[in-house]
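Trainee: Those protein sequence lines, which keep their order, are chains A and B. Residue 37 in numbering that gives the first Met the number 0 sits at position 38 of the first sequence; the count goes up by one each step and never skips. Residue 257 in numbering that gives the first Met the number 0 sits at position 258 of the second sequence; the count goes up by one each step and never skips.
It should be emphasised that the hints constitute simulated quantities derived from the structure, not laboratory data. We put the beta carbon where it would ideally sit given N, CA and C, even for glycine. There may be inaccurate statements among the hints.
[Stated by the list, open to error] Per label pair, the in silico range of CB-to-CB distance: (1) A:Leu318 <-> B:His64: 49 to 57 Å; (2) A:Lys88 <-> B:Val324: 57 to 65 Å; (3) A:Glu17 <-> B:Gly154: 35 to 43 Å; (4) A:Met357 <-> B:Asn102: 14 to 22 Å; (5) A:Lys342 <-> B:Ser360: 50 to 58 Å; (6) A:Lys175 <-> B:Asp174: 20 to 28 Å; (7) A:Lys99 <-> B:Gly154: 37 to 45 Å; (8) B:Ala104 <-> A:Glu17: 44 to 52 Å; (9) A:Glu111 <-> B:Lys435: 54 to 62 Å.
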Amino acid sequence: MDAILKKILEEFQMRNIEDGECFMTRDIVWELNVSGSDIYLLRSTEDCKLTLKAVMDQRLGIVTTDTVDQAAVKSTIQSLVEACESSTKDPSYTIASCNKAEFIEDDTERNEALMYESLKGYLSTLKEKYPLVHQEPCIFKHKFQEKFYVNTKGSDLHSVTGVYEFLAAMNGTDGKNTSSMAVSSFITKDLHKPLIEQGNLAYVVEGVNKHMHPQKINDTFKGSLLTTPMALHGLLYSLMENCFSDHAFISDSSPLKDKLGETVFSPKLTLLSHPNHDLLTDKSLITADGHVAEEVTFIDKGTITSFRLSLFASKKTGLPHCKNDGEHMIVQPGNKELNTIIKETKRGIILGRFSGGMPSNNGDFSGVAKNSYYVEDGEIKYPISEAMISGNILDLLRNIRDISSEQVNFGARLLPWVCSEGITISG
Amino acid sequence: MQNLKQYLHNLSRYTELKAQENKSLVISLVNGTVTKNTVTKKSGVSARVYESGSWGFSSSSINSHDSIGYVIKEAKHNAKFLDTKLKKNKPFFESADFSHTINRATKKHRYTTKELIDFLLELDTYIQTKYKDLTERTITLKALDMDKSMLFSSGNTLDAFLCKTHIFFSFSIDDGGDVTEIYDLVGDGRQFEDVFHTPEELFPTIDELYNALKEKSKGVYASAGVKECILHSNLAGILAHEAIGHPVEADLVLAGSVAGPLLNQQVASPLISLVDFAYDYNGQELALPIYVDDEGTRARDVTIIDNGVLKSFMHSRESAMHFGVSPTGNGRAFDFSDEPLIRMRNTAILPGSSQLKDMISSVEDGYYLVRSSNGQADTTSEFMFGVVKGYEIKHGVITQAIKDTTISGKAFDVLKSVSMVSDDMTWSCAGMCGKKQMIPVSMGGPAIKCELNIGGR
Numbered sequence: 000m001d002a003i004l005k006k007i008l009e010e011f012q013m014r015n016i017e018d019g020e021c022f023m024t025r026d027i028v029w030e031l032n033v034s035g036s037d038i039y040l041l042r043s044t045e046d047c048k049l050t051l052k053a054v055m056d057q058r059l060g061i062v063t064t065d066t067v068d069q070a071a072v073k074s075t076i077q078s079l080v081e082a083c084e085s086s087t088k089d090p091s092y093t094i095a096s097c098n099k100a101e102f103i104e105d106d107t108e109r110n111e112a113l114m115y116e117s118l119k120g121y122l123s124t125l126k127e128k129y130p131l132v133h134q135e136p137c138i139f140k141h142k143f144q145e146k147f148y149v150n151t152k153g154s155d156l157h158s159v160t161g162v163y164e165f166l167a168a169m170n171g172t173d174g175k176n177t178s179s180m181a182v183s184s185f186i187t188k189d190l191h192k193p194l195i196e197q198g199n200l201a202y203v204v205e206g207v208n209k210h211m212h213p214q215k216i217n218d219t220f221k222g223s224l225l226t227t228p229m230a231l232h233g234l235l236y237s238l239m240e241n242c243f244s245d246h247a248f249i250s251d252s253s254p255l256k257d258k259l260g261e262t263v264f265s266p267k268l269t270l271l272s273h274p275n276h277d278l279l280t281d282k283s284l285i286t287a288d289g290h291v292a293e294e295v296t297f298i299d300k301g302t303i304t305s306f307r308l309s310l311f312a313s314k315k316t317g318l319p320h321c322k323n324d325g326e327h328m329i330v331q332p333g334n335k336e337l338n339t340i341i342k343e344t345k346r347g348i349i350l351g352r353f354s355g356g357m358p359s360n361n362g363d364f365s366g367v368a369k370n371s372y373y374v375e376d377g378e379i380k381y382p383i384s385e386a387m388i389s390g391n392i393l394d395l396l397r398n399i400r401d402i403s404s405e406q407v408n409f410g411a412r413l414l415p416w417v418c419s420e421g422i423t424i425s426g
Numbered sequence: 000m001q002n003l004k005q006y007l008h009n010l011s012r013y014t015e016l017k018a019q020e021n022k023s024l025v026i027s028l029v030n031g032t033v034t035k036n037t038v039t040k041k042s043g044v045s046a047r048v049y050e051s052g053s054w055g056f057s058s059s060s061i062n063s064h065d066s067i068g069y070v071i072k073e074a075k076h077n078a079k080f081l082d083t084k085l086k087k088n089k090p091f092f093e094s095a096d097f098s099h100t101i102n103r104a105t106k107k108h109r110y111t112t113k114e115l116i117d118f119l120l121e122l123d124t125y126i127q128t129k130y131k132d133l134t135e136r137t138i139t140l141k142a143l144d145m146d147k148s149m150l151f152s153s154g155n156t157l158d159a160f161l162c163k164t165h166i167f168f169s170f171s172i173d174d175g176g177d178v179t180e181i182y183d184l185v186g187d188g189r190q191f192e193d194v195f196h197t198p199e200e201l202f203p204t205i206d207e208l209y210n211a212l213k214e215k216s217k218g219v220y221a222s223a224g225v226k227e228c229i230l231h232s233n234l235a236g237i238l239a240h241e242a243i244g245h246p247v248e249a250d251l252v253l254a255g256s257v258a259g260p261l262l263n264q265q266v267a268s269p270l271i272s273l274v275d276f277a278y279d280y281n282g283q284e285l286a287l288p289i290y291v292d293d294e295g296t297r298a299r300d301v302t303i304i305d306n307g308v309l310k311s312f313m314h315s316r317e318s319a320m321h322f323g324v325s326p327t328g329n330g331r332a333f334d335f336s337d338e339p340l341i342r343m344r345n346t347a348i349l350p351g352s353s354q355l356k357d358m359i360s361s362v363e364d365g366y367y368l369v370r371s372s373n374g375q376a377d378t379t380s381e382f383m384f385g386v387v388k389g390y391e392i393k394h395g396v397i398t399q400a401i402k403d404t405t406i407s408g409k410a411f412d413v414l415k416s417v418s419m420v421s422d423d424m425t426w427s428c429a430g431m432c433g434k435k436q437m438i439p440v441s442m443g444g445p446a447i448k449c450e451l452n453i454g455g456r
């Protein structure tokens with residue numbers, strides 16, 4: 000790997016590329032796959048990826064390949080130069096300045112035997128306690144990743160990580176009734192803790208059982224939306240993409256573009272991204288634009304404190320650069336227990352999963368509430384089917400009634416339940 | 000394409016060996032700035048081995064003689080690892096003997112990246128000059144080439160070069176603080192040079208999109224509830240794919256999809272026939288022609304619904320063996336490092352005999368839905384897709400545009416409510432379907448009148 004990086008930098012120099020950068024990653028994956036209730040596939044993959052970026056005469060080119068050997072370097076860089084020559088000029092194209100750091104995690108190797116036993120243990124639990132739950136698919140893998148970043152300014156960043164990733168899509172069926180598909184995923188290093196006790200897996204599995212007999216809501220009303228941590232991640236992802244990201248600002252479409260420093264959301268909301276939090280298993284130590292990732296607070300007690308702009312977007316817009324790709328979201332907990340929040344709900348739903356069209360730039364959304372429950376007069380009444388919800392993400396985060404004191408740790412995210420008012424719900 | 004036959008003696012009783020390169024080009028202009036100019040090549044080799052009911056898979060991004068030997072050995076090892084533990088003792092599959100070669104690459108001189116960017120810049124100049132009130136104009140070119148060679152234990156081979164190219168237009172307008180956006184796309188299952196010729200030929204698409212945006216900016220929110228809808232032929236395909244296609248993929252049937260117990264039962268209006276085509280329709284080769292799938296199965300059309308009756312599921316070799324039927328050639332994988340899963344190919348509702356104008360005039364209070372965004376299916380047969388372009392219909396006449404909304408329903412309920420099917424047909428291969436792996440799919444259909452649940456205010 001080091002020899003290839005050295006060759007790339009030499010080749011940059013020979014081609015007079017003053018602003019050139021190279022990302023190289025090596026991923027080794029060992030993966031068990033489940034269909035139904037049985038392990039059926041063992042998959043092992045090795046993948047190398049090389050992404051070269053250059054700015055020549057204010058023109059940008061990017062080439063990505065997985066042919067990572069010394070012989071291919073020349074031809075890859077030739078493709079890169081051609082990509083630059085074909086591009087248009089923009090003085091905002093740039094690369095990172097010099098950064099040097101190394102992050103080598105302890106305990107990056109996989110334990111195949113323990114992985115197999117963990118997964119068998121989970122499947123045994125399902126067979127014994129939840130025999131009607133089917134996984135399609137369930138994927139349990141170990142991912143070892145080595146990442147390098149070098150550039151012509153002298154940057155040298157290196158990270159080595161190894162984590163276990165669990166993902167299960169499941170539904171319940173008794174041959175006559177079928178529940179909606181539910182999804183659970185988390186990242187862990189702890190194989191000694193049963194899988195069902197990690198992330199939100201137990202909640203999801205139990206919910207699948209209940210959702211084999213859902214009922215319809217028979218009217219349309221405006222009420223409370225209690226968003227579960229898993230569903231919250233989806234909404235926050237849309238918020239970040241539509242309002243905080245490079246595209247939102249370069250296209251001038253972000254509805255929050257003039258609101259830096261302003262309080263636009265509920266003061267109960269604090270949203271940050273932490274690349275190296277003690278409580279999070281997954282780490283993201285190098286940003287996509289070649290910097291050491293920093294902890295960034297995007298919303299502090301309702302006030303917008305940062306956007307998620309890369310170096311390019313920052314130069315383009317004149318707004319501050321964000322050294323964080325926004326992947327490791329943490330929403331600070333509130334001071335009210337979930338049970339209390341439910342008891343204080345007059346009428347609304349608990350949103351398990353949102354299935355809908357991409358929200359508009361202005362935050363408008365509509366879609367189906369999946370794996371969700373109807374709440375009335377402080378009680379969970381029944382699981383619901385085919386309920387549509389519509390509203391606006393920005394309004395949702397302005398009209399927060401409560402945030403739970405409990406959070407779910409997904410390994411890469413730490414999120415609570417959030418209760419908002421003013422959502423249209425129709426059966 | 001690569002000759003893998005020299006490795007036949009290395010293969011076990013059931014092995015799929017693959018060498019593949021996927022190349023994708025994305026060029027994006029946002030308000031005239033090139034924000035993406037990226038070529039991505041993903042290539043390598045893989046092997047999948049079946050051992051009495053257990054599967055082993057291995058892949059490497061190095062395509063060399065040694066790495067091919069390595070992935071075959073690793074895949075065998077992985078299959079054996081599981082078989083030793085699980086001892087399923089399932090039978091092997093019947094062998095296959097059909098080989099095929101297909102090459103959809105253009106025979107024309109290839110554009111350079113600069114020429115492609117210049118093409119897009121001409122489009123951008125046209126938009127910027129003519130439509131000065133747009134706050135955002137994004138033009139994105141996406142081109143995908145998939146070059147795959149496969150060898151199967153029976154000795155049959157697949158060499159396939161498939162491709163697709165699309166240009167996406169996305170516009171936004173700020174109408175007094177309320178931002179409205181819209182998108183449209185053009186393209187086909189071929190390389191750029193065979194799909195696009197001059198920027199001028201796309202100007203009418205741009206004009207139409209701008210006009211639709213202006214209408215939408217003055218539009219209204221749909222009212223929530225169950226409504227009579229006319230789905231433009233653009234949307235019939237996504238209905239076929241999301242509402243019916245996924246629930247009848249045999250792996251989801253085995254997982255408990257509601258379609259499972261409904262074979263040979265009336266599940267839709269007799270006006271509905273739905274087919275997952277393998278490679279051609281009415282004598283014309285389709286955008287994603289699958290002659291041999293990634294399991295070496297000779298692909299055939301699957302009539303899923305025939306005059307409203309559910310007739311078949313879509314199968315891999317393993318699911319076909321479970322159900323006691325012949326495999327259908329639906330085992331597909333996207334990248335070299337992906338294993339085959341049951342996937343759709345070219346899924347379409349067949350045309351009927353009604354005229355679109357008659358269908359619209361038959362709706363007293365409903366919607367005409369024209370363009371969708373993303374969609375999703377469920378094992379309950381509930382489906383949803385986003386609608387980014389649509390209109391109210393009042394007393395048989397199209398009136399105001401509607402803002403973005405989402406429609407949903409239970410597949411078989413919706414299909415039973417179909418009362419008219421138009422006589423035209425539209426195909427699209429722009430979509431990518433997600434199910435562990437993203438994969439290109441093609442969908443088609445006529446206009447349809449049915450009842451759907453609409454999300455609104």
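Trainee: Confirm or reject the claim that glutamate 17 (chain A) and glycine 154 (chain B) have a C-beta distance inside 35 to 43 Å.
Mentor: violated (54 Å)
Trainee: Is 37 to 45 Å a correct range for the gap between the Cβ atoms of lysine 99 (chain A) and glycine 154 (chain B)?
Mentor: Cβ of lysine 99 (chain A) to Cβ of glycine 154 (chain B): about 54 Å, so the range 37 to 45 Å is violated.
Trainee: May I ask you to test the hint 57 to 65 Å on the CB atoms belonging to lysine 88 (chain A) and valine 324 (chain B)?
Mentor: For valine 324 (chain B) against lysine 88 (chain A), whose Cβ atoms are near 60 Å apart, the range 57 to 65 Å holds.
Trainee: Falls inside 14 to 22 Å, the C-beta gap from methionine 357 (chain A) to asparagine 102 (chain B)?
Mentor: violated (35 Å)
Trainee: Can you tell me whether the CB distance of lysine 342 (chain A) to serine 360 (chain B) sits inside 50 to 58 Å?
Mentor: holds (53 Å)
Trainee: Range hint 54 to 62 Å: satisfied by the CB atoms of glutamate 111 (chain A) and lysine 435 (chain B)?
Mentor: violated (21 Å)
Trainee: Cβ-Cβ distance between alanine 104 (chain B) and glutamate 17 (chain A): within 44 to 52 Å?
Mentor: Roughly 37 Å apart at Cβ, these two residues miss the hinted range, so it is violated.
Trainee: Okay, lysine 175 (chain A) versus aspartate 174 (chain B) on CB: inside 20 to 28 Å?
Mentor: Check failed, 51 Å falls outside 20 to 28 Å.
Trainee: Is the distance from the Cβ of leucine 318 (chain A) to the Cβ of histidine 64 (chain B) consistent with 49 to 57 Å?
Mentor: For leucine 318 (chain A) and histidine 64 (chain B) the Cβ distance comes to about 52 Å; the hint holds.
Hint violations for this structure: numbers 3, 4, 6, 7, 8, 9, all remaining hints satisfied.
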